[in-house]
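Each chain, written out:
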Amino acid sequence: MPAILSTDLVTGIISFLLTLMILSYLIGDNPAFRVAVYIFVGVSAGYAAAVAWWQVLFPRILMPLLAGSLTERVLALIALALGILLLMKLSPRTSTLGNPSIAFLVGVSAAVAVGGAVMGTIIPQTQASINLFSLSSAGNLWLERFFFGIIMLLGTITSLVYFHFGAKATPDGPKRSRLVTILGGIGQVFIAITLGVLFAGVLAASMTALIERLNFLWSFLAKLL
Amino acid sequence: MKFKGITSTVIAISFGVLVLAGYIFGYNADGSLSLLGQFQLIILNIAVILAGFAVLVGIFNLLLVHTKKISQKQKGAGYSIVLIVTLVITFLLGLLAHYVPIAAALFNGAFQYIQLPIETSLMALLVVTLTYASIRLLRRRLNVLSVIFLVTAWVILVGTAPWPFLGDVPFFSDIVRPIIAQIPAAAGARGILIGVALGTLTTGLRILFGSDRPYGGKNG
Amino acid sequence: MADVLCPVCGKPNPPDQVECQFCGSPIKPTDGTTAHNSQTLKPGDQPTKGDTAEFEKAKSPDENPIRPGDLPTKKNTADLERALPSWLRTLREGKRPASGESLAEPSSDEGLPPAPPATPASDASSALPDWLSGLGEAGSEDEEVPDWLAGLRDDKSIQSLPAAGEEGNPSPDLGNEDWMARLGNEPQEPTTESPNSSEGPAAEQPAFDVSPEPDTDGNLSDWLQSLQSPDSGVKEPPAVPQSEGNLPDWLSSLSGVPEESKPASNEIDQPAPAENNPDWLDELKMNSVTPEPGTPAEGSESVPDWLSNYGPVPTTPAATPGENVPDWLSGLDNKSRPDSEAPAALFGSESPDTGDLPAETPDWMSRLQADANIAEEPEKKKEDFEAASEEPASPKSAEPLPEWLSGIGTTTPPSSATPALILDNTNNPPGEEGETNLPSVTPDWLSKLSPEQANEKAAVSKEDQVDSENLEAAELPSWVQAMRPVESVVDQKSAALEDQVTEQNGPLAGLRGVLPGQPGLGALRKPPVYFSKLLVSDGQQRYAEVLERLVAGESNPRTVAPTKLISNRIWRWVTTLLLFLAIGLPFVSSTQVAPTLLAASDKGVSSKIIGGLPANVPVLVAFDYDPALSGEMEAVSAPIMDQLLSKGTPLALISTSPTGPALAEHFLQTTSLVDVHQYQSGQQYVNLGYLAGGSSGMLYLTGSLTAAMPVDVNGKPAWNSGPLQGIQGLSNFAAVIILTDNADTGRNWIEQVGPHLGNTPMLMVISTQAEPMIRPYFDSGQLKGLVSGLPDAKIYEQSYNRPGLAYHYWNSFSFGMLAAELIIVAGVIFGILADRLFLRKKNREEA
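Protein chains in written order, with the working numbering: chain V, 5 to 229; chain F, -15 to 204; chain S, 10 to 856.
Derived by calculation from the structure, the hints in this document are not laboratory data. For glycine and all other residues, C-beta sits at the position ideal for the given N, C-alpha and C. Be aware that a few hints might be false.
[Said to hold, decoys possible] Here are some of the chain F residues that sit facing chain V, going by a computed Cβ distance under 8 Å:
(1) 0
(2) 4
(3) 41
(4) 49
(5) 95
(6) 126
(7) 136
[To be verified] DEER-style ranges, computed between Cβ atoms:
(8) V:225 to S:625: 41 to 47 Å
(9) V:172 to S:846: 32 to 38 Å
(10) S:551 to V:183: 49 to 55 Å
(11) S:577 to F:69: 31 to 37 Å
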């Protein structure tokens, strides 16, 4: 128990001090805050590197090379070769050697993103926008649903129009058409509302984080005292 | 000179098209993986492995930057020493964690008692910053959209949590906040999502067509 | 109108004059070039005194421009006179012995009249090279030959030519020198020579454009006749030093001919032009321009009174070729060497006629003399003709040295003034100059010319020559150049013009800006001055200053008005304090003051779904939230996981972030409501670990679950045994619960995994900040359940009456949110009011 307590005490003290060091930024920037931040970066980077080794490279390259089948070894070697080429990106002189690996990642990521965007967002969301006017299941609330559907559709379309930046060349400079300008203005309102809700959500989330930290500090002090 | 970089382009396009084709032709009628689907999985496996290497590349680059900062005795080199020391220690603990229990405990403790509190505390600082920023918003930029933004945020805040000793705020908590959050905000969000998806689609197709080549210089 | 200066002699001429009335040279160049001394004069500048000697060189011997078809004109080789050896000059100057006789040595002065050897050579004269042709012209170009003397010479030349022909060596080209020959031959046959001689020069000088103008026969003949009457009735021009016989004393004294040569020299009455042109001299000029027959003969028959006063008329020294130089001529040479430069120049300008040279004189000497006479003849005749138009002055008046005579010495450069046939004065040491005295009866003009005056005049003339040479260079003095503004473009331009050198020689003589004939040997000029300083006008300077100010203004950061940093800090401290108080007080009181909420965001769907899940079917739980929001996410996820764990549902934990597995472990071990279930790794749950690649890994997971995550975080096989045994794919899971605080991560899960779940519901537990972006997916049906933020967690706990972190944080959350709302409202209102007041105050101050 004393060891655990001591362990808990030590870890608690460490957490307590680091928390205070970070919260000291509310008073002003100070070296304690900077030290805590640099410690955080170092620890998180080291942790991520260790996790990447043990949970990605070790089981997917080293283990197949040592104990895998021929196919697995071949695949592992290919992956290892590409990975080593990717490490060449660290040096400017050998940076060009890593371009094939980067190209592979970019190509695969682009394809995955395209597939996901089409099948996961565009089609379902479009369908959802259409289904807003599916009044068969609304029952008595069909008017309400229809009204809300109109608003939803209007918000969706105007928000999309707002992000349309194509313009015609005019003597006074590039200008969007009047319809696009009007719809874009309406879309700005919907986007502003969305961002306001987001702001409130972030504030609420950070509030919860502060509550958790203050709770920790209070609990530690209570335990300590 | 024109053929320099064609290798990377061929790699990007070929494997990208294969992965994209696997979305459509990757499964048989019975739900099993087709040959293309299997090839797609191989490609994805290699991509996962390369993603792990990418994490290492980022961390090694961080090491190089701060090492250079220390060697050149730039301002803030002391902090860089702290960073490098903690990074190396944590990494070594992580490497030894599978073999040495104490190292595993320390490795876990480094995350639990160092990284977690610091990161949580950094998030907690955001409350004060956001509150102060909302106070100065209208003083810096007073227009219709900023007013709508701030009013919406305030209304959502009011409707999110009930007031102490008063309970839920009538009309705000049960009507205004749900309507705002579920209709106009959702509409705007949907528009943003569709727009983002369309942009992603466009960018991805440009890469797959070879119009954009973000993978390295001209000699790729 | 102002008079125009002659570019050659420098004398003023009427402005409408085309040719100089003194020297006959054209005043205005016909080819458009500027004259040598026609520099642009600026007000206040002193007139430039040019060197007439240079003009003599520069001017063309021909008055008229060269026209196509004209025969070439022999050039003046007066410059070469300087190069002639002294013995040659001596030979020329009158020592006429054939072989053994010593030639008379007149003074070595270049201005001495030449002692023409009596060896006219007609064919030799025509074959004389150009450099010798100037021998006779040297004196005539450099000096102003009096008209009367030129006339005498012409007569003599006319007379001497037949004599030369008789002797076999005529000199038809040396018409001016005939008068000397005539002087020499006059005692014998003066009358016969003149008509022939007169024809000779005219007929035998086709190359010379200027033909001697006919003399006034009557006038010339009279004084010549008078000259001849005392002794032989023959009056010869005094410029024939080789004329034999006795020279008049005056002539001998003038010429400086040594005494020994006196007998051989006819005392030629040679009135030196020490005074203004008398009438007789003008008449003589007109008569002597073109020697015509009869004129000398007639002139030789009678001696003018003035000449008779001076004694016996000397015989023509050229009548006896081969004899020694007459004493008069030698005396003339000696006398005129230091003192009487003018008369010496007179004699020098009139090269002797080689027609009557004594036989002893070598042929080449006679040829030299003949060429010199021919070259001088046009110049002399021009001068004689022009001088004849002038009003003659009294010959006997005591007048100062006339300009034309004084100019003889001044315009004669030392190197070029030596007449062609002037004998060198080597035989006469300087100390013997005194021996060459003038005769007892000296003319008034000559007597006035004292040695000192002569020296002064010589010195002045030399100074003038030097000055003219200096100025001739057409270069500004250094002090003037130093004063010149260096940055002036105009000055550069004028300097460029001034730097141009006038060509001195060749056919382009007199032209400016001519390229040198030989590279490197051309006229040197001052190198152009290049300025390193940029020439900027005032306007450009102003523009540059404006640009410099603009650029400086851009580089300099604007001084921003210092914001109220103290007030900002105070605001931040106040906000922090209020929030800390609002959040911290409930911890102290630990009472539940805030009532419960009405409804969850998804209206309890998630709770229903989780409640309907089978008990032993694993559920995939993705811990994809950051450690920063672990406090909220643990509080929000706790009730759901609690419900799930309370059913004993096996869990498969996965994460697409490196810290996910650690968070999952921490959640299951320390989170309230969850830790009570004491799930053990490998038994109730399997932590599959970190899945790299993001969306690619998710897609990989959907394709092959076992291949994507073969082992757990401990490296043990995850799918063969344990809670996940029998799981082949995602559809085998009872549900997929995504715990994330990031909307993008949630979207990726929905996009990549959602389509492959089939009937497996996907639930999402998100942070409050991700709700707006995830809700459309819930509305679209892609998400079956959505739990968002602490309020939903509170409702969830409330529904199951299992207070957890949400319950614990709720009071603080309520107070904190209220404080934030109030702070925002108060701050906005205060800020608006403060700005308004500040603006009013500012307006008042400005007003």
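Consistency of the hints with the structure:
no.: 1; hint: 0; result: 3 Å, holds
no.: 2; hint: 4; result: 4 Å, holds
no.: 3; hint: 41; result: 6 Å, holds
no.: 4; hint: 49; result: 11 Å, violated
no.: 5; hint: 95; result: 5 Å, holds
no.: 6; hint: 126; result: 14 Å, violated
no.: 7; hint: 136; result: 3 Å, holds
no.: 8; hint: V:225 to S:625: 41 to 47 Å; result: 44 Å, holds
no.: 9; hint: V:172 to S:846: 32 to 38 Å; result: 46 Å, violated
no.: 10; hint: S:551 to V:183: 49 to 55 Å; result: 51 Å, holds
no.: 11; hint: S:577 to F:69: 31 to 37 Å; result: 36 Å, holds
In this structure, the earlier hints numbered 4, 6 and 9 are contradicted, and the remaining ones agree with it.
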